[in-house]
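Chemist: Everything in the sequence shown is counted per UniProt numbering, starting at 1 for the first residue and increasing by one.
It is possible that some hints are incorrect.
Computed cross-link-like contacts, DSS-like style, restricted to lysine-lysine with a CA-CA straight-line distance of at most 30 Å [unchecked claim]:
no.: 1; residue 1: K121; residue 2: K162
no.: 2; residue 1: K65; residue 2: K87
no.: 3; residue 1: K87; residue 2: K165
no.: 4; residue 1: K54; residue 2: K23
no.: 5; residue 1: K54; residue 2: K121
no.: 6; residue 1: K54; residue 2: K65
no.: 7; residue 1: K54; residue 2: K87
no.: 8; residue 1: K165; residue 2: K23
no.: 9; residue 1: K121; residue 2: K87
Beta-carbon label-pair distances, calculated as ranges [what the hints assert, rightly or not]:
no.: 10; residue 1: A61; residue 2: Q134; range: 14 to 22 Å
no.: 11; residue 1: M67; residue 2: E158; range: 30 to 38 Å
no.: 12; residue 1: E125; residue 2: A157; range: 32 to 40 Å
no.: 13; residue 1: G135; residue 2: K165; range: 39 to 47 Å
no.: 14; residue 1: K65; residue 2: E166; range: 36 to 44 Å
no.: 15; residue 1: R171; residue 2: K54; range: 49 to 57 Å
no.: 16; residue 1: P22; residue 2: A61; range: 25 to 33 Å
no.: 17; residue 1: K65; residue 2: R164; range: 34 to 42 Å
no.: 18; residue 1: G111; residue 2: A140; range: 17 to 25 Å
These aren't lab readings, by the way, just hints derived from the structure by calculation.
These numbers were taken from a predicted model, which means no experiment stands behind them.
All C-beta atoms in this analysis are idealised placements derived from N, C-alpha and C, irrespective of residue type, glycine included.
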Amino acid sequence: MNTLDALTTRRSVRSYRSDPVPKDALDRIIEAGTYAPTGMGRQSPIIIAITDQKVRNELSALNAKIMGTDGDPFYGAPAVLVVLARKDVPTHVYDGSLVMGNLMNAAHELGIASCWIHRAKEEFELPEGRALLQGLGIDADAYEGIGHCILGYADGAEPEPKPRKEDYVYRIA
């Protein structure tokens, strides 16, 4: 698959089989995330790879609590890549967003479904989220949650693309 095909055919998937993502595929996806452009090359983001189902389920429950539900906001996906970025870098939200894009596009290239799940900022401001970071030796005060890239194999067909809106592009020639 070439880059343009990958960019135009990737879809957000919201139903996953329980099959684990192979470690070699996960490693390639993560590596692609580390090559996302960042402001001034500062590399403000970090990626936390979660495949331990107990931790994944705890994070899902915390995310659901923030959302005000008791469902699984990770839609059954067996792997979660959490992207955070250093708050002291002015471009940290953009940097982390570009990492998220790279992760989702790399996953698609490898036949792995993905979706960006929000509320990472709120999760890692809570005591439970801060404790997770501190347990990994990460300064919880220094980082802001950007997003969760959930990964797995789609349970069913991937959604069809929505039509592009007519006023998406304005040209000055």
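Chemist: All hints, please: hold or fail.
Modeler: Structure-based check of all given hints:
Between K121 and K162 the CA atoms are separated by roughly 28 Å; this keeps the pair inside 30 Å, and the hint holds. Distance hint between K65 and K87 is fulfilled; the C-alpha atoms sit about 24 Å from each other, no more than 30 Å. Between K87 and K165, the direct Cα distance comes to roughly 34 Å. Violation of the 30 Å bound is thereby established for this hinted pair. This hinted pair checks out: K54 and K23 have alpha carbons roughly 18 Å apart, not beyond 30 Å.
Taken as a hint, the K54 and K121 pair is honoured in the structure, with Cα atoms around 21 Å apart against an allowance of 30 Å. For the hint linking K54 to K65, the alpha-carbon distance of about 17 Å falls within 30 Å, and the restraint holds. With a CA separation close to 28 Å, the supplied pair K54 and K87 stays within the 30 Å bound. A C-alpha spacing of about 38 Å is found between K165 and K23, which places the hinted pair above 30 Å, so the restraint is violated.
A distance of roughly 11 Å separates the Cα atoms of K121 and K87; the hinted pair therefore holds under the 30 Å criterion. About 19 Å separates the C-beta atoms of A61 and Q134, a value consistent with the hinted range of 14 to 22 Å. Remark: the range hint 30 to 38 Å for M67 to E158 is contradicted by a beta-carbon distance near 24 Å. For the pair E125 and A157, the supplied restraint of 32 to 40 Å holds, since their beta-carbon distance comes to about 37 Å.
With their beta carbons about 44 Å apart, G135 and K165 fall inside the hinted range of 39 to 47 Å. Between K65 and E166 the beta carbon distance is about 40 Å. The supplied range of 36 to 44 Å therefore holds. In this structure, R171 and K54 meet the distance hint of 49 to 57 Å, their C-beta atoms being roughly 52 Å apart. Taking the beta carbon of each, P22 and A61 are about 26 Å apart, inside 25 to 33 Å as hinted.
The supplied range of 34 to 42 Å is met by K65 and R164, whose beta-carbon atoms lie about 36 Å from each other. A C-beta distance of roughly 35 Å is found between G111 and A140, which places it outside the suggested range of 17 to 25 Å.
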